[in-house]
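Since chain A is already given, all that's left is putting chains B, C and D on it; use the hints.
Spelled out from the first residue to the last, the chains are:
There are 4 protein chains.
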Amino acid sequence: MVVIMKAGASEEQIEAVASHIEDRGVKIRRIVGEYQSILGIVGDVAPLVAEREQLERLDGVESIVRISKPFKLASREFNPVDTIVSVNGVSIGGKEIVVMAGPCSVESREQVVETAKAVKAAGAKILRGGAYKPRTSPYSFQGMGEEGLRILAEAREITGLPVITEVMDQQMLPIILEYADILQIGARNMQNYTLLRAVGETGHPVLLKRGMMSTLEEMLMSAEYILACGNERVMLCERGIRTFEPYTRNTLDISAVPVLKELSHLPVIVDPSHATGRWNLVAPVTRAAVSAGVDGLIVEVHPQPAKALSDGAQSLTFSNFSEMMTSLPVVAAAVGRRIG
Amino acid sequence: MVVIMKAGASEEQIEAVASHIEDRGVKIRRIVGEYQSILGIVGDVAPLVAEREQLERLDGVESIVRISKPFKLASREFNPVDTIVSVNGVSIGGKEIVVMAGPCSVESREQVVETAKAVKAAGAKILRGGAYKPRTSPYSFQGMGEEGLRILAEAREITGLPVITEVMDQQMLPIILEYADILQIGARNMQNYTLLRAVGETGHPVLLKRGMMSTLEEMLMSAEYILACGNERVMLCERGIRTFEPYTRNTLDISAVPVLKELSHLPVIVDPSHATGRWNLVAPVTRAAVSAGVDGLIVEVHPQPAKALSDGAQSLTFSNFSEMMTSLPVVAAAVGRRIG
Amino acid sequence: MVVIMKAGASEEQIEAVASHIEDRGVKIRRIVGEYQSILGIVGDVAPLVAEREQLERLDGVESIVRISKPFKLASREFNPVDTIVSVNGVSIGGKEIVVMAGPCSVESREQVVETAKAVKAAGAKILRGGAYKPRTSPYSFQGMGEEGLRILAEAREITGLPVITEVMDQQMLPIILEYADILQIGARNMQNYTLLRAVGETGHPVLLKRGMMSTLEEMLMSAEYILACGNERVMLCERGIRTFEPYTRNTLDISAVPVLKELSHLPVIVDPSHATGRWNLVAPVTRAAVSAGVDGLIVEVHPQPAKALSDGAQSLTFSNFSEMMTSLPVVAAAVGRRIG
Amino acid sequence: MVVIMKAGASEEQIEAVASHIEDRGVKIRRIVGEYQSILGIVGDVAPLVAEREQLERLDGVESIVRISKPFKLASREFNPVDTIVSVNGVSIGGKEIVVMAGPCSVESREQVVETAKAVKAAGAKILRGGAYKPRTSPYSFQGMGEEGLRILAEAREITGLPVITEVMDQQMLPIILEYADILQIGARNMQNYTLLRAVGETGHPVLLKRGMMSTLEEMLMSAEYILACGNERVMLCERGIRTFEPYTRNTLDISAVPVLKELSHLPVIVDPSHATGRWNLVAPVTRAAVSAGVDGLIVEVHPQPAKALSDGAQSLTFSNFSEMMTSLPVVAAAVGRRIG
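Protein chains in written order, with the working numbering: chain A, 1337 to 1676; chain B, 1337 to 1676; chain C, 1337 to 1676; chain D, 1337 to 1676.
The following block holds chain A by itself, in its conformation from the complex (with noise of 0.2 Å):
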């Protein structure tokens, strides 16, 4: 941490900040510039980051430099070794790429049944459905609620794929482990930090969605709150971000995934529906997920999209899923990677 000091910053104004930072147990070292000041802080400095509003309101001072990074559980360099979070057999954060696939909300015991079966015939390994939505509006579908989650139970019995599917509130989270698998932190979520402490309490898988206009420093805050709850199951999704380009739904950060790779040791994992809201966008952007390094995919999939009753513009059919899948196993092998 470096507090750099006002050009006209006086002498008395320099010590009382040297001071005042000396007693949180540091120490200073202190550079005299021609025009200003400089005092980098030797030691832990840990207790003051939580400060640094404070020292940048001490006298004389211009502002405060942090230096080291804000999430320590969630970095490379706390964990160099890449996570791996296994979820009833299937490995994600390996070599394998693994896909997710469903429908954006569960509406029907058939719905679900038949999209888990076609899925999994085309090679994913993780079903998805939403059975609680939020949604904008107050007078939109709002999802089945426990009935969707005893179909869901009900596919992966038949099918045997995993289950992940959204958990809104903490009070929700109890009758959601009765059946999910995994546990999708959605993107309004990111910071409802009541949820993210009784996720990370819980020990189960973390699918946790990056916010439409969330910095990336910001969502490794967010699974610092989870892992520092002692859950190390926790998977990061990048599902694009709000931008003023009106033509798809959200800009996808396709950056997020070597940044994050690089950042932190935790499975990536790309949306490419929430991201591109476009369905015949799903299949280029899917490769080029798989292209910069992620480690899984989440994909919105439905029988007849025209009668989805949530986000049926960026669904696929099960030929769209179908013929996409056929394409992935050789993109993954360009870049030493295999489907899942």
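Mixed in with the good hints, there may be bad ones.
Copies of one chain are not kept apart here, so a pair can be met inside one copy or by any two copies together.
[Unchecked claim] Subject to a maximum C-alpha distance of 27 Å in a straight line, what follows is the list of computed DSSO-like cross-link-like pairs (lysine-lysine):
id, residue 1, residue 2
1, K1408, K1643
2, K1453, K1408
3, K1597, K1453
4, K1405, K1342
5, K1456, K1431
6, K1363, K1342
7, K1408, K1342
8, K1453, K1643
9, K1408, K1363
10, K1342, K1597
11, K1363, K1431
12, K1408, K1431
13, K1363, K1643
14, K1431, K1597
15, K1453, K1431
16, K1643, K1405
17, K1342, K1643
18, K1453, K1405
19, K1456, K1643
No lab work stands behind these hints: they were computed from the structure.
For chains B, C and D alone, kept in the frame of chain A given last:
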């Protein structure tokens, strides 16, 4: 609602779309253009709005244009008269502009009581203070919890100022209801629908902050969740949105003030502290908000910002605040308002 | 300037970086931390600033922290006194707030003369109007060209109002200099460095509009180009930035007003018409800008906005404008200013 | 084009709007809804598109919905066959993906010749290099100018690689045409319409970079300017857009690749160097672009990035570049393409 058919859509496709839509009990008026056909939908389109994405997937459809607004109870059309939210004798939404002020976080009894007295003396009508704090880092100060609520209540008893404090999840709602006069929904929770419904059912006054990534329409849809639960005591708070500009913490969307007043009957509040993130910008931005037509302001004030456990950089000292308050009545008068 | 070395940087790497930097004639002060070393640079770092990217590529370097601002002539430190730009007897940057008004495009002699008279009567001091128009589409009206300039000059003769008009490239600069009193650099040209240098060499007053996705620092750097050519008559114009919010054409960054006044000595202008894109938002946003501390305003006015060849949606009618102008003196007075 | 009338629009207003529009020689089809009327416009709406803003100002009009795309010559509908741009024997837009590589700035004869040989050996087909550099700061290195162009031409003579270089304004166009095989329009100049028209009249191949703040539609409109001047040799280049994410220099909009291929017949190029700003992200992002369907790549390579006068942080060394190139053929093959 208008359905735009693709340039090459066949007669069969157009008829299929038309009959699909008429099955919902509405009528179709068809316009045959030189290149494209258009289907105008006449009647109650509400059930169709939620199906928009499905319609876009029908063969031959290019796009769907929504005409009516997706929010109803929050709209000015539904209620042309300004809503006035009354809180223990303080009215928000009328001719008087109400100032809420206090520390970001409750840190001690002395800090809160001292601040409450100072902001009351300067003209504030409501005391703000966070007992539970959403923090990006799990290692930052997370708030004093119930002890903090008790301190706020004590400050209310001493000064008579009603209290506004943030509720982060529905589980802490009962305890917060025991102490708070106004429930604050933070920016990160603007689309936490579980929480919106929960506060909707309390009938308690709610200040809903705009998400840093949310459009005004999405904000009004979130207000709609609360209103749809029967709670009409909702205030909308613009607190800055996330942009590419790094100098300020967020970018205050000043146009949001007249836009929200035009689209909705609900009171509009501005938070200049979070919007700017810099205490020296708070006064000019506050005066701008008053001129733009706000109904209220929520400002961070701290006895010693340099020692604040959160948001020190953007907090006003007592004298900063008092000086700013002195400047407001004449600005308010210039636009036909009074400082409450 | 501070160089942060990587946690694992070797002694050889640190020395290599230090000697690389000292070769530039500055001195190094080294701080050895527990995890990382820091090199503070003492002396004239100006030549190093331009090399920042190279320094970041040196082995063992984690990042470079710039301390001093990259603009100099535009900075408040360089010139603590407010610059006043005088244009044919009108002073911008002093106690009086100057209003520039007129149509987006020059369309006819009658339209411009009529508008010039109307805005003068309402209190405007400068006439705006575009003779050359940058349009997104090659098929849109591109302006009347020199004929338009002659019309503006005629309106000036009749009303006495100095004229501001946009210069799109350096080739049209000579002809525009024959007619215009103030050269306007449009948002799309904020980083057209050839043009910036060309207007810099004229010594003519310049209104520099912020690019719709430019930071305030980048804007000040563009002003620096003009100032560095010896032209000190530069005005900075905030005209809204591009964000994700679709309701308004752009998002007015109201905080830019006090920020620019703090960082620079140059006059600050706000364009509420382009910022909002909606005529009914122009008056409240203008009042907000006045309260925030602007030195001038540039507003679109048209005799019949519904027939305007460009920007009709955001143009005020004569009576809208006159009504708005009537409301400004008291707002200006509330912040210690006058309408010029 | 569809005109949506306000809910309360009177019969007179509707008729006035209808007759205003029919005066332009098109026909109106009116749909009377329960709440609102809609006017569908039948016939050639092209002249009306440019008047959209005026129409929105007519009394009683709520909004105008454009149906047809605003670009024509650039559209896939206009020309369903992929355009292939040929440059001295190199074809861009066909089955082969073309790699352009070289330094950001021309710094010396040795640097450019050495780099040209190295990138040719690794498989690049075109040499890039800037002789005139747009720089945010007037104090940064601004390029070698014509001397730089001569060096590029010499490198072309030695290696046979055609040369692409940036043209910043129309005045430098003649000199650049003497040396360059492809004219590059930089991101800051994407809406410099004077320059677009000037290069449009040359008939020379043009690489048009997306503005960092520009939508895909705006980019296609800028291409339309060049095409409308009779120059069909236009390539579109995605180079990252500006977002709130600070880790990368820009955010590469990977979806832009399939979207542009869908909307337009022009070749699509990706610039992974400017998009990421970090050399170690260039290879994964390049592979992603290949998988997403690009026709070409433009990559910064420097003999010693740490000594580069610009963009050192994002430049590849010869061995980085060579290693990346080795990985591309198999990725290209996976999507049915070849590296040219």
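- Item | Structure versus earlier hints, numbers of those that do not hold, lowest first | As far as the earlier hints go, 2, 3, 11, 18 are violated by this structure, in ascending order.
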